[in-house]
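Chemist: Chain residues, written in single-letter form:
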Amino acid sequence: MPKATNTDDPDAPDGVQIDLISGERMDGMATMEKIRMILDGVHDGNIVILEEGLTPDEESRLIEVTMAEISPDEFNGIEIETYPKSDTRNASLLGRIMGGDEPTAKLTVIGPANQIETLHKDETLISALVSRD
Amino acid sequence: MGLFTELKDSISRVTDRLFAEEEPKRIGIYGPPNAGKTTLANRIARDWTGDAIGAESHIPHETRRARRKEDVEIERNGKSVTIDIVDTPGVTTKVDYEEFTDEMDEDDAIRRSREATEGVAEAMHWLREDVDGVIYVLDSAEDPITQVNTMLIGIIESRDLPVLIFANKIDLDDSSVKRIEDAFPQHKTVPLSAKEGENMDEVYANIAEYFG
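The listed protein sequences correspond, in order, to chains A and B. Sequential numbering from 1 applies to the first sequence in full-length UniProt numbering. Sequential numbering from 1 applies to the second sequence in full-length UniProt numbering.
Hints are not guaranteed to be accurate.
Claimed, not checked - Here are the computed lysine-lysine pairs in the DSSO-like style, where the Cα-Cα straight-line distance is at most 30 Å:
no.	chain 1	residue 1	chain 2	residue 2
1	A	K121	B	K94
2	A	K34	B	K94
3	B	K195	B	K25
Worth flagging that the hints you see were computed from the coordinates, not collected in a lab.
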């Protein structure tokens with residue numbers, strides 16, 4: 001599988017790289033593979049957009065791994081945004097009926113905490129400001 | 001004789017365990033940094049056991065280790081529940097040591113940020129493995145629709161854990177309990193001020209009712 005991100009290249013254009021990752025690409029990946037792909041991209045200064053988001057369990061592990069990788073003056077963590085759920089209890093019930101931890105299937109934006117700032121968020125709109133560093 | 005006494009004690013311990021009441025439920029106090037989790041945990045612990053749990057501070061990430069207060073028996077309106085209170089570090093997706101440098105020197109700020117990141121990871125681990133219910137504490141003067149709140153409530157729901165939302169800091173002018181009720185209509189929201197001790201009767205009635 002080709003590496004999705006690369007900003008260490010001195011010939012790379014001066015800008016912010018955005019990786020839009022399809023649900024299909026994420027489908028066959030294990031939880032840690034997804035988390036590694038996301039955090040490798042974010043460490044490179046990229047904005048990672050997931051077409052179908054992560055499951056709650058994957059989100060909890062993403063927070064844990066992110067915390068382990070925070071380092072003063074190098075990496076402050078991530079900014080992550082998804083649309084808030086309108087009624088999570090129904091979704092959770094459906095998930096149980098369908099037999100497990102269903103993905104949230106909601107577009108998710110993840111970037112370095114020092115480069116992305118959420119300006120506005122509601123159930124249908126995420127507005128974010130992205131800077132180069 | 002010694003062997004007989006040991007055997008008798010051993011049998012006694014087993015029968016005690018067999019007929020003991022249900023183990024206390026571990027109730028995790030979760031929420032973003034500076035929502036007042038430790039102030040609430042201390043208020044509950046002081047009211048029912050006479051002891052505090054941990055230090056409180058206006059500087060975020062004062063609580064950097066999960067702390068448990070065991071066997072807190074709460075009684076209200078004829079209902080009673082015995083719980084272990086687990087006060088957890090505030091959950092976030094980012095920690096920048098420079099946030100603390102106004103309050104302390106750089107070395108202490110870096111140490112605090114490192115401990116804070118470990119604390120967040122520990123809180124997530126407790127949530128996945130070791131709590132039976134959750135009190136989710138929010139600062140009612142702040143916007144509740146943040147990614148951390150959305151994610152954590154989603155994680156709690158995915159694990160089928162019972163959750164009560166506590167709208168804390170109702171003593172502040174900007175407080176809005178309705179904003180929290182509107183953000184999480186699927187859960188019961190209880191208003192309170194842990195610092196001032198406002199509405200604690202309703203807090204304890206809900207804990208006894210919900211986790212009992």
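Chemist: Taking each numbered hint in turn, which are not upheld by the structure, reported in ascending numerical order?
Modeler: Failing hints: none at all.
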